[in-house]
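> These are the residues of each chain, in order.
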Amino acid sequence: MKIGVVTFPGSLDDVDARRAIRVAGGEPVALWHGDHDLRGVDAVVLPGGFSYGDYLRCGAIARFAPVMAEVVEAAGAGMPVLGICNGFQILCETHLLPGALIRNEQQKFVCRDQRLRIENASTAWTHGYQPGAEVTIVLKNGEGGYVADDNTLDRLEGEGQVVARYLDVNPNGSLRDIAGITNERGNVVGLMPHPEHAVEMLCGPGVDGLTFFTSALS
Amino acid sequence: MARVVVDVMLKPEILDPQGKAVHGALPRLGFDGVVGVRQGKRFELEFEGEITEERLAEVRRAAETLLSNPVIEDFTVKVGQS
Numbered sequence: 001m002k003i004g005v006v007t008f009p010g011s012l013d014d015v016d017a018r019r020a021i022r023v024a025g026g027e028p029v030a031l032w033h034g035d036h037d038l039r040g041v042d043a044v045v046l047p048g049g050f051s052y053g054d055y056l057r058c059g060a061i062a063r064f065a066p067v068m069a070e071v072v073e074a075a076g077a078g079m080p081v082l083g084i085c086n087g088f089q090i091l092c093e094t095h096l097l098p099g100a101l102i103r104n105e106q107q108k109f110v111c112r113d114q115r116l117r118i119e120n121a122s123t124a125w126t127h128g129y130q131p132g133a134e135v136t137i138v139l140k141n142g143e144g145g146y147v148a149d150d151n152t153l154d155r156l157e158g159e160g161q162v163v164a165r166y167l168d169v170n171p172n173g174s175l176r177d178i179a180g181i182t183n184e185r186g187n188v189v190g191l192m193p194h195p196e197h198a199v200e201m202l203c204g205p206g207v208d209g210l211t212f213f214t215s216a217l218s
Numbered sequence: 001m002a003r004v005v006v007d008v009m010l011k012p013e014i015l016d017p018q019g020k021a022v023h024g025a026l027p028r029l030g031f032d033g034v035v036g037v038r039q040g041k042r043f044e045l046e047f048e049g050e051i052t053e054e055r056l057a058e059v060r061r062a063a064e065t066l067l068s069n070p071v072i073e074d075f076t077v078k079v080g081q082s
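Those sequence lines, one after another, are chains A and B. Under my numbering, read the first sequence as residues 1 to 218, first letter to last. Under my numbering, read the second sequence as residues 1 to 82, first letter to last.
Bear in mind the hints are in silico, worked out from the structure with no lab data behind them. Hints are supplied without guarantee of correctness; some may be wrong.
[Claimed, not checked] List of simulated lysine-lysine pairs, BS3-like, C-alpha gap at most 25 Å:
1. A:K108 - B:K20
2. B:K20 - B:K41
3. B:K41 - B:K78
4. B:K41 - B:K11
5. B:K11 - A:K108
6. B:K20 - A:K140
7. B:K41 - A:K108
[To be verified] Here are the simulated distance ranges between beta carbons:
8. A:G10 - B:R60: 24 to 30 Å
9. B:M1 - A:Y55: 22 to 28 Å
10. A:M201 - B:R3: 54 to 60 Å
For each residue, glycine too, the CB sits at the ideal point set by N, CA and C.
Build the full structure now, drawing on both the sequences and the hints.
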């Protein structure tokens, strides 16, 4: 099974995401922001980083990259799409996911091993987890504060669209401790922490992140 | 040359950590009496020729698609300010 990883100018974690897909047993495919083609992939990851230098707003310019038209169309047809960190910001700017991500409440870039609870274990990217599983995944962001109006937040909670919540500390001021959300269909997931950095014991806090990728592959 | 100015501000209910940081720095420099700071963005769009209603409508469309994110920001469009 092929999972595409889009590289935008300023993407940082595209190579790690491709590696995580390989570790999970999938075939990673490099996708380029300027392409109008998803190269026959079965799922897409929008990786972390600083696309277009985070100019204007994080993800605001990447949203209009040619490849995003293809991603939006495929997502609408049910293709699994995972946006990690900057990818989550892009998904919100694209309106594939509701809400937005703003500067961390503490005004500092945060980098830590973050405990999370998987709240929705039925999405395309999380169905390999036990519902309520508590995992540790690397978090690193400067603009990771998830915000939406109260109606949207209530709807997300009511419909089970909160995918992951921060445990122990809220690292960035995200409303209702939200670390990740999904669309109604459960195929598009946005996540602020980086599961691709938690797939091997050698260079991460554990392998808790691997299940995001194995879920999409199974 | 004509100019259209687009001001973009976070909606009042959205937390503004940058404004808060600036607010915290002001009294340290002796600027007292400021009870709140909100930080926004200003875009100056230059055009050849007249600013027509059509052109303004285009600017508004650009403001709501690219220059601002309507989920968290409001914008205003003004003509001819420098």
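> With reference to the structure, classify each hint as holding or not holding.
Each hint, compared with the structure:
Taken as a hint, the K108 (chain A) and K20 (chain B) pair is honoured in the structure, with Cα atoms around 13 Å apart against an allowance of 25 Å. Annotation: proposed proximity of K20 (chain B) to K41 (chain B) holds, straight-line Cα distance about 16 Å (limit 25 Å). The hinted pair formed by K41 (chain B) and K78 (chain B) meets the criterion: a straight-line CA distance of about 14 Å does not exceed 25 Å. At most 25 Å may separate the alpha-carbon atoms for a hinted pair to count; K41 (chain B) and K11 (chain B) meet this at roughly 13 Å.
Taking the CA atoms of K11 (chain B) and K108 (chain A), the gap is near 22 Å; set against the 25 Å cutoff, the hint holds. Annotation: proposed proximity of K20 (chain B) to K140 (chain A) holds, straight-line Cα distance about 22 Å (limit 25 Å). In summary, the hint linking K41 (chain B) to K108 (chain A) is supported, as the alpha carbons are separated by about 21 Å, within the 25 Å threshold. Take G10 (chain A) and R60 (chain B): their Cβ atoms lie about 29 Å apart, and the range 24 to 30 Å holds.
The hinted range of 22 to 28 Å is satisfied by M1 (chain B) and Y55 (chain A), whose Cβ atoms lie roughly 24 Å apart. With their beta carbons about 58 Å apart, M201 (chain A) and R3 (chain B) fall inside the hinted range of 54 to 60 Å.
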